[in-house]
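Novice: If you want the building blocks of each chain, they are given just below.
Number of protein chains: 2
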Amino acid sequence: MEKLSIVKIGGNIIEDEASLTGFLKLFSNLKGHKILVHGGGKRATHIASKLGIASKMVNGRRITDAETLEVITMVYGGLVNKNVVAKLQALNTNAIGLTGADINSITSEKRPVKEVDFGFVGDVKQVAHNAIDKLIKADFTPVFCAITHDGNGQLLNTNADTITSQVAVGMSNLYETSIYYCFELNGVLKDINDKNSVIKHIDTSLYKELLEQGIIADGMLPKLENCFDALNNGVKSINMGNTSMLTQENDNFTTITL
Amino acid sequence: MEKLSIVKIGGNIIEDEASLTGFLKLFSNLKGHKILVHGGGKRATHIASKLGIASKMVNGRRITDAETLEVITMVYGGLVNKNVVAKLQALNTNAIGLTGADINSITSEKRPVKEVDFGFVGDVKQVAHNAIDKLIKADFTPVFCAITHDGNGQLLNTNADTITSQVAVGMSNLYETSIYYCFELNGVLKDINDKNSVIKHIDTSLYKELLEQGIIADGMLPKLENCFDALNNGVKSINMGNTSMLTQENDNFTTITL
Numbered sequence: 001m002e003k004l005s006i007v008k009i010g011g012n013i014i015e016d017e018a019s020l021t022g023f024l025k026l027f028s029n030l031k032g033h034k035i036l037v038h039g040g041g042k043r044a045t046h047i048a049s050k051l052g053i054a055s056k057m058v059n060g061r062r063i064t065d066a067e068t069l070e071v072i073t074m075v076y077g078g079l080v081n082k083n084v085v086a087k088l089q090a091l092n093t094n095a096i097g098l099t100g101a102d103i104n105s106i107t108s109e110k111r112p113v114k115e116v117d118f119g120f121v122g123d124v125k126q127v128a129h130n131a132i133d134k135l136i137k138a139d140f141t142p143v144f145c146a147i148t149h150d151g152n153g154q155l156l157n158t159n160a161d162t163i164t165s166q167v168a169v170g171m172s173n174l175y176e177t178s179i180y181y182c183f184e185l186n187g188v189l190k191d192i193n194d195k196n197s198v199i200k201h202i203d204t205s206l207y208k209e210l211l212e213q214g215i216i217a218d219g220m221l222p223k224l225e226n227c228f229d230a231l232n233n234g235v236k237s238i239n240m241g242n243t244s245m246l247t248q249e250n251d252n253f254t255t256i257t258l
Numbered sequence: 001m002e003k004l005s006i007v008k009i010g011g012n013i014i015e016d017e018a019s020l021t022g023f024l025k026l027f028s029n030l031k032g033h034k035i036l037v038h039g040g041g042k043r044a045t046h047i048a049s050k051l052g053i054a055s056k057m058v059n060g061r062r063i064t065d066a067e068t069l070e071v072i073t074m075v076y077g078g079l080v081n082k083n084v085v086a087k088l089q090a091l092n093t094n095a096i097g098l099t100g101a102d103i104n105s106i107t108s109e110k111r112p113v114k115e116v117d118f119g120f121v122g123d124v125k126q127v128a129h130n131a132i133d134k135l136i137k138a139d140f141t142p143v144f145c146a147i148t149h150d151g152n153g154q155l156l157n158t159n160a161d162t163i164t165s166q167v168a169v170g171m172s173n174l175y176e177t178s179i180y181y182c183f184e185l186n187g188v189l190k191d192i193n194d195k196n197s198v199i200k201h202i203d204t205s206l207y208k209e210l211l212e213q214g215i216i217a218d219g220m221l222p223k224l225e226n227c228f229d230a231l232n233n234g235v236k237s238i239n240m241g242n243t244s245m246l247t248q249e250n251d252n253f254t255t256i257t258l
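So the sequence lines, in the order shown, correspond to chains A and B. Everything in the first sequence is counted per UniProt numbering, starting at 1 for the first residue and increasing by one. Everything in the second sequence is counted per UniProt numbering, starting at 1 for the first residue and increasing by one.
The set of hints was computed from the structure by calculation and includes no laboratory data. A few of these clues could be false.
To be verified - Chain B is faced by these chain A residues, among others (derived, beta-carbon under 10 Å):
| no. | residue |
| --- | --- |
| 1 | N59 |
| 2 | I63 |
| 3 | G97 |
| 4 | G151 |
| 5 | L185 |
This structure is a prediction, so every number in the text was calculated from the model and none was measured. The beta-carbon is built from N, C-alpha and C at its ideal position, and this holds for glycine as well.
Using the sequences provided together with the hints, build the complete structure.
Specialist: Rendered as structure tokens:
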């Protein structure tokens, strides 16, 4: 099986021109087949507020009403995605920007209304790995933004981490897949106050130990749960750290395997 | 040679939900290989004004400054393009939304500053017909918005009619191409005051006659000049009329050939 890297960057890299340019160079230099997934974050909030649309949050989570979905479609699918694609082309990476609607690549289901109505938010139902593979086989590099569709004409806002893991799971039917989650930390930390206390390798048994010791907590809990879910569904390895983990020189990041 | 239809719709169809839905059904039913090109028009002006960006016009032409380019990228590349793609998917057309930056499909050159500085406006330099053909061969239907790139990371605003004719010329290397320009009239009219005075067929000699008689004037002049330019560069036929020309039943539109 050939290898495929799925790299995710968050809003903090997107926001900052110098960070984005630096990252895109590393991504372009990454050997082999690859897919990029990006969030959009604050840019959408900023433009929404300029348009007089208030960000609605419930329990720290954004509610995507019709107006907010329009802004997300403009910012994630247009402004951010197309600028990333243009910058990658300048670095000789033959990028193609996608939402889940394009080539019907990611179908999702509008989240059912329970205590909270999240609005136009989609939970991933299906990844069209064969369609995505046609792009890869044509030597194009897919660049996904955090938008999916329901197959009936409705775009839906979907978490970029989830898109990353679901696309990786889907592509595991055809490739040996590795995920690279780029974030602000150097990796999963043993001591949250010591940024150099990176745990270099986590497997299932260490994961259980760390959970019991309470070392994995707060925001890291759902992230790692998501990781082991992906690993249990065919993803070979998951890497977490800052963008320099994409270089060969830096081995100070966390690799997670079963 | 296989046939390929390149269909262009303008802002007036995009603006109106019912017109757009009706058109997309016709487009979906169109047999054979096809490409859609769309403008964006008033939606961009509307959102720009909401964001406090004034539309700058010189001699009736929009000046694309950096802020305006951002809005165009959001509206054409995001909001309009991705909603069209999602709607086409619901009609079982496996659409893929593109700017000229995606798969490096349309490279352009920033228009040189002469009497007027048009800003971030690009004149088409090259169409990557082989790259676009990889999508067609994969059974995807390209949907282009009116944005190109310079290959150095800069997106550029480009007239949708020009994108249509240039893509058609490029694809003529591989296909027998026909353009369908959908607009508000039934076709090229003999008498501008009689909407049913459609000239059904224009060839080179009739074109010269019509020019001499002053029947082709104003806005139609550059449109037809553009058409004959495309025909002289490999496009087989060009059709102008309202969207119903895409059906078999209606033959009341203008077909232009050499």
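Novice: With a cut-off of 10 Å, does the beta carbon of A/G151 approach a beta carbon of chain B closely enough for the hint to hold?
Specialist: This hint holds: A/G151 lies near chain B, its Cβ roughly 6 Å from the closest one there, short of 10 Å.
Novice: Using 10 Å as the Cβ threshold, decide whether A/I63 counts as touching chain B.
Specialist: violated, 20 Å
Novice: Just to be careful: measuring from the Cβ of A/L185 to every Cβ in chain B, is the smallest value less than 10 Å?
Specialist: It is violated, given that the least Cβ distance between A/L185 and chain B is near 29 Å, above 10 Å.
Novice: Holds or violated: A/G97 as interface residue toward chain B, Cβ cutoff 10 Å?
Specialist: Interface hint status for A/G97: holds (6 Å vs cutoff 10 Å).
Novice: Quick check on the hint: A/N59 CB to chain B CB, less than 10 Å?
Specialist: Check failed: Cβ of A/N59 comes no nearer than 28 Å to chain B, outside 10 Å.
Comparing the model with each earlier hint shows violations of hints 1, 2 and 5; every other hint is respected.
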